[in-house]
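Student: So you can see what is in the structure, the chains are spelled out below.
Number of protein chains: 2
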Amino acid sequence: MNVAEYLVKKLKNNGVNHAFGIPGGVIIDFLYALDKEDGIYPHLSYHEQCSAFEANGYSQAEHGLACAYATRGPGFTNLVTGIADAYADSLPVVFITAHAGNSSQNKQRFEQEQEMNTVDIVKNITKYAAVVENEYEAEKIINKAFQAALSGRKGPVLLDFCSSIWKKEIDISEHINECKFKKNTINYDSVYEMLKEAHKPVVLIGDGIRQAGVEIQLSKIINKTNIPVLSSRGSQDSGRLFDNYYGYIGSHGLRYSNYIFSEADLVIALGNRMAFPLNSESYKKALENKKIIRIEYDRREIQRSILNTYTIKNDLRSFVEEFNFKINCSSNWTDLCCLVKNKLMFCDCNSTVDFLCQIFKEYKDSDFVMDVGNNEFWASKAYELSGVKARTYYSKSFGALGCSLAKSIGIFYKNKKHIVCVTGDQGFQLNIQELQFISREKIPVLIFIINNKISGMIKDREKREGYAVHTTYNTGYSSPDFKLIAAAYDIGYVKASSFNDLKDIPDNKPFIIDFCADSQLTLEPSLPRGRKMYDMVPELDKYILDDIRH
Amino acid sequence: MNVAEYLVKKLKNNGVNHAFGIPGGVIIDFLYALDKEDGIYPHLSYHEQCSAFEANGYSQAEHGLACAYATRGPGFTNLVTGIADAYADSLPVVFITAHAGNSSQNKQRFEQEQEMNTVDIVKNITKYAAVVENEYEAEKIINKAFQAALSGRKGPVLLDFCSSIWKKEIDISEHINECKFKKNTINYDSVYEMLKEAHKPVVLIGDGIRQAGVEIQLSKIINKTNIPVLSSRGSQDSGRLFDNYYGYIGSHGLRYSNYIFSEADLVIALGNRMAFPLNSESYKKALENKKIIRIEYDRREIQRSILNTYTIKNDLRSFVEEFNFKINCSSNWTDLCCLVKNKLMFCDCNSTVDFLCQIFKEYKDSDFVMDVGNNEFWASKAYELSGVKARTYYSKSFGALGCSLAKSIGIFYKNKKHIVCVTGDQGFQLNIQELQFISREKIPVLIFIINNKISGMIKDREKREGYAVHTTYNTGYSSPDFKLIAAAYDIGYVKASSFNDLKDIPDNKPFIIDFCADSQLTLEPSLPRGRKMYDMVPELDKYILDDIRH
Chain A
1 MNVAEYLVKK LKNNGVNHAF GIPGGVIIDF LYALDKEDGI YPHLSYHEQC
51 SAFEANGYSQ AEHGLACAYA TRGPGFTNLV TGIADAYADS LPVVFITAHA
101 GNSSQNKQRF EQEQEMNTVD IVKNITKYAA VVENEYEAEK IINKAFQAAL
151 SGRKGPVLLD FCSSIWKKEI DISEHINECK FKKNTINYDS VYEMLKEAHK
201 PVVLIGDGIR QAGVEIQLSK IINKTNIPVL SSRGSQDSGR LFDNYYGYIG
251 SHGLRYSNYI FSEADLVIAL GNRMAFPLNS ESYKKALENK KIIRIEYDRR
301 EIQRSILNTY TIKNDLRSFV EEFNFKINCS SNWTDLCCLV KNKLMFCDCN
351 STVDFLCQIF KEYKDSDFVM DVGNNEFWAS KAYELSGVKA RTYYSKSFGA
401 LGCSLAKSIG IFYKNKKHIV CVTGDQGFQL NIQELQFISR EKIPVLIFII
451 NNKISGMIKD REKREGYAVH TTYNTGYSSP DFKLIAAAYD IGYVKASSFN
501 DLKDIPDNKP FIIDFCADSQ LTLEPSLPRG RKMYDMVPEL DKYILDDIRH
Chain B
1 MNVAEYLVKK LKNNGVNHAF GIPGGVIIDF LYALDKEDGI YPHLSYHEQC
51 SAFEANGYSQ AEHGLACAYA TRGPGFTNLV TGIADAYADS LPVVFITAHA
101 GNSSQNKQRF EQEQEMNTVD IVKNITKYAA VVENEYEAEK IINKAFQAAL
151 SGRKGPVLLD FCSSIWKKEI DISEHINECK FKKNTINYDS VYEMLKEAHK
201 PVVLIGDGIR QAGVEIQLSK IINKTNIPVL SSRGSQDSGR LFDNYYGYIG
251 SHGLRYSNYI FSEADLVIAL GNRMAFPLNS ESYKKALENK KIIRIEYDRR
301 EIQRSILNTY TIKNDLRSFV EEFNFKINCS SNWTDLCCLV KNKLMFCDCN
351 STVDFLCQIF KEYKDSDFVM DVGNNEFWAS KAYELSGVKA RTYYSKSFGA
401 LGCSLAKSIG IFYKNKKHIV CVTGDQGFQL NIQELQFISR EKIPVLIFII
451 NNKISGMIKD REKREGYAVH TTYNTGYSSP DFKLIAAAYD IGYVKASSFN
501 DLKDIPDNKP FIIDFCADSQ LTLEPSLPRG RKMYDMVPEL DKYILDDIRH
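So the sequences go chain by chain: A and B. Position 214 of the first sequence, counted from 1, bears residue number 214 in the UniProt record's numbering, the numbering being contiguous throughout. Position 358 of the second sequence, counted from 1, bears residue number 358 in the UniProt record's numbering, the numbering being contiguous throughout.
Do not take every clue at face value.
[As the list claims (entries may be wrong)] Cut-off 30 Å, straight-line C-alpha distance, at most; resulting in silico cross-link-like pairs (DSSO-like, lysine-lysine):
#1 B:Lys389 to A:Lys463
#2 B:Lys361 to B:Lys389
#3 A:Lys168 to B:Lys532
#4 B:Lys167 to A:Lys284
[To be verified] The following residues of chain A were derived to be distant from chain B, with all beta-carbon distances above 12 Å:
#5 Lys12
#6 Lys36
#7 Val122
#8 Gln147
#9 Thr185
#10 Ile327
#11 Cys347
#12 Val388
#13 Ile432
#14 Pro444
[Unchecked claim] Which chain B residues face chain A? A few, computed with CB under 10 Å, are given here:
#15 Ile22
#16 Tyr32
#17 Thr77
#18 Asn279
#19 Leu401
#20 Gln426
#21 Gln429
#22 Leu435
#23 Arg440
#24 Glu462
#25 Phe482
These aren't lab readings, by the way, just hints derived from the structure by calculation. Ideal Cβ positions, reconstructed from N, Cα and C, are used throughout, including at glycine.
Required output: the full structure, derived from the provided sequences and hints.
Tutor: Structure, rendered in structure tokens:
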């Protein structure tokens, strides 16, 4: 077995059946090995940035391993945004690149054409990055990389191979056994004490519950209690597993979720790293009146000090298996949560949210992939309203504009389901070339462009500043004719102003809905600096809040 | 004056009249300052990768300062390919980004949403990179960065501003005076000795002669001698200034250029760093029979040991001003160079080269911008044949596929001339979104797509391997309908098989020529590993070489 073949088998044995990339001279032997092996398939992208996003989507679908590859130089640098995205969202993706020279450690400016010190560039945005210069060390380094990607808090790795070793034969030593899960038992007495004293507890979930594989188990346990559950916006689909789910908090969170979070006197953060802007007055105030229990095992995260927070150093799975959620949740508290939700549920809707809500109900069995910008926030709200239980996918922490088309592709190859991809007219343009992949493979994705003809999120800010550059047609922003774009890529298209405009949309091939959205809509509600978390703008009628408070 | 205003004035005072980027929350105050200042204009791109390429093109036009800006996170990482391209080609580009948190030095995985240690990522692909955290240090750091970009061997710099300081007032101390050029006098006696002994000398020029600003001066001096001049491929347009120019050398160089280089007994490398694969047998052999004089002042380059090379540690401008090129070039040698060129000039032509040659002659007053791949090599050959003196632009050392559309935009804003942009059907797709910029601003660029419906350079390699993946329609590569793409972007279009198909092509707005190229054409000639530099394949008829040798 040669190095390329070994790497391919290793990927396949770890659940990678599809990999994404663009050929190049130094990487081609790896591509051939991928192509020759049954059960794992390479796919051609049209920009390496999208190869990375495709792999990220593939990984995010089951928080399992994924792979993207690129040639040296610009091939490699084109991966960087996707690598950072995978790192931020803890996605175990193996990025493969290669080089011809022996120059990865050199100090000249590109001694070998196109080549550079790849490891230096990505070392702070990967869990592990290494150059593989000879076949003798290949197995060891590959194993180390896979282990790093999949263990602890998951994340991407980069392996940069010397192209001359791809075809070198290697002796394979015994496989490193997969890490068996080992439950870590600790004493939770002080936590039980805190629970006993709490009157208004909530559980705050995040992406970590899916990453730890405890999503179902946890929801079954929690559903036996009455404790209200909140989530980060990115985990709203996990929220749906919980009977007492009350939405997502945040600066653009739901009013009732923010209200419930503010009022709570105990927060149990599970798989949620509480990535609030901790220096902001709003969050400081919200944390002042409560105790917080967080379960965390990322050493660096533990170092982050959060007000009133008691940290349990353990992995989430051990915690869920060991902890006894005997919570006395008073009906006063749960009734209040219910009331607040009912009162505020239909605030902050708009024509775009309504339309999206209908789309989501119609495609409730699909996967929903969101891009970045106002569109994703409207989609989150619409999802809440829709009540469907579909999976949602976001670029959660990194917010990589233009990632959604490519992510949809990757997710499709994992889940083999119809996809609804929600994007904006600016984000859609960023990686528009990837429509060729979607068209070529007839990926069944319904691309829903919220086309308000503006760069919305920035325009919202500009409104406050009273000055505008590059956000509207008059200030320099514009889009091509999406109908002709669809035709150029041989993809079905309809321009729609209302749900009635949608007829005969196929769900077995790609299709674009170009939704004429109201360009006056802004992102509401929002939490201006310094205000209390539930005191979002626009301000509600006084009687609604009075109703809640009494 | 506040920090943003100071930075804008500093850019303008250093010759930057146009900057490129995409707005984002943390960068917007800088964008406003750009927009408010007369004589410097921000321009909206559709992917930050292209903002960078646009700035690189702007810089390359006169080797002067340029600027691209991006928001934090993915905005920043999207610049990385362009930053590396600027570094490889020694382009003084100021890349501006910003952040909101104080987290640039933190060790958590994205403590502040989207933010990371930017300096760590680019420190090996910039001349200087720094975070600017407070207004007191802003002036000093900005000056240091500009100085680094523009001095010595030029190159890009990155400044990552804390967004809260953009509007902070600063006292401006006296401006740092521009570095005055100071001639460095050294003794060239040993070089004169080497010249005296030489019978077959050549001058080998590179991009450095333009960077050092000695292009015209040097050509006037050299033109008084009979010494033959060769160049790197990227500097073929500089070559045109020299009466005795004999083309560009390299693995895909011209046969006669490689022959003349091989035969020479003395090479004077001026502004050419001899970036050959030095370990390759072909180049080793070529260097064995000769002496080389190189003028170099990049410390790291000087450390590169090149066979038979005598290094003069000086800057090129001092050398050109001081050195006395009293060269006795025997007519035997110059006659041989002439003969070889005449015999081999029309080898290796093909239908694509012929067509391009006609295009170049037709647009001899335009700037020519090439993409990456087989298309650029055919364009180089066509340029040689055409005899025109237009400027040529390549991504010289980094070979960033898909850069040409954006580079054309940047070059246009500097030179305000019609542009011919040569690209391939794969490279064209990579950043196809930037057509919207071209369309929006009606940039007069003739986009010449060499559409052979294959991924050519890789296919050439695959032919040798006898295995193909992702390079042809049957193996997974395809393109959209470029005619509809042109229509979607409101750009004129014609499909052409011959020069006769071209009529009424406007030169005051963008236009696409979709040239149906022969997909069977390969990149010829080439220099397989280990062969002598002039012994390229396909092999020539024996009688041609015999003619030359006797």
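Student: Indicate, hint by hint, whether the structure satisfies it.
Tutor: Right, here's what the structure says about each hint:
1. With a C-alpha separation of about 50 Å, the suggested pair Lys389 of chain B and Lys463 of chain A falls outside the 30 Å cut-off, and the hint is violated.
2. This hinted pair checks out: Lys361 of chain B and Lys389 of chain B have alpha carbons roughly 10 Å apart, not beyond 30 Å.
3. Under the criterion of a C-alpha separation no larger than 30 Å, the hint pairing Lys168 of chain A with Lys532 of chain B is consistent with the structure, at around 28 Å.
4. Only pairs whose Cα atoms come within 30 Å are accepted, and Lys167 of chain B paired with Lys284 of chain A is accepted, the gap being roughly 26 Å.
5. Every CB of chain B lies more than 12 Å from the CB of Lys12 of chain A, the least distance being 17 Å, so the non-interface label holds.
6. For Lys36 of chain A, the non-interface assignment is contradicted: its Cβ lies about 9 Å from the closest Cβ of chain B, within the 12 Å cut-off.
7. The non-interface label for Val122 of chain A is inconsistent with chain B: the shortest C-beta to C-beta separation is roughly 8 Å, within 12 Å.
8. With a minimum CB-CB distance of about 18 Å to chain B, Gln147 of chain A clears the 12 Å threshold, and the non-interface call stands.
9. With a cut of 12 Å on Cβ distances, Thr185 of chain A stays outside the contact zone with chain B, its closest approach being about 27 Å.
10. Every beta carbon of chain B lies more than 12 Å from that of Ile327 of chain A, the smallest distance being close to 30 Å; the non-interface claim holds.
11. Under the 12 Å C-beta cut-off, the non-interface status given to Cys347 of chain A relative to chain B holds; the minimum distance is some 25 Å.
12. At the 12 Å boundary, the C-beta of Val388 of chain A stays outside the reach of chain B, the nearest C-beta of that chain being 27 Å off.
13. The claim that Ile432 of chain A lies off the interface is violated: its Cβ sits roughly 5 Å from the closest Cβ of chain B, which falls inside the 12 Å cut-off.
14. In this structure Pro444 of chain A is separated from chain B by more than 12 Å, as the shortest Cβ-Cβ distance comes to about 18 Å.
15. Here the hint on Ile22 of chain B is kept, as its CB sits about 8 Å from the closest CB of chain A, short of 10 Å.
16. Taking 10 Å as the C-beta cut-off, the interface hint given for Tyr32 of chain B holds, the closest approach to chain A being about 6 Å.
17. Contact between Thr77 of chain B and chain A, as hinted, is supported at the beta carbon level, the nearest pair being about 4 Å apart and thus within 10 Å.
18. A distance limit of 10 Å between C-beta atoms decides the matter here; for Asn279 of chain B the minimum to chain A is near 8 Å, and the interface restraint holds.
19. Against a cut-off of 10 Å between C-beta atoms, the interface hint on Leu401 of chain B holds, since the closest Cβ of chain A lies about 6 Å away.
20. The beta carbon of Gln426 of chain B is positioned within 10 Å of a beta carbon in chain A (closest approach about 8 Å), and the interface hint is therefore held.
21. For Gln429 of chain B, the shortest C-beta to C-beta distance to chain A is roughly 5 Å, which falls under 10 Å, so the interface hint holds.
22. Because the closest C-beta pair between Leu435 of chain B and chain A is about 7 Å apart, less than 10 Å, the hint holds.
23. This hint holds: Arg440 of chain B has a C-beta 5 Å from the nearest C-beta of chain A, less than the 10 Å allowed.
24. Taken as an interface hint, Glu462 of chain B checks out: its beta carbon lies about 8 Å from the nearest beta carbon of chain A, inside 10 Å.
25. For Phe482 of chain B, the shortest C-beta to C-beta distance to chain A is roughly 8 Å, which falls under 10 Å, so the interface hint holds.
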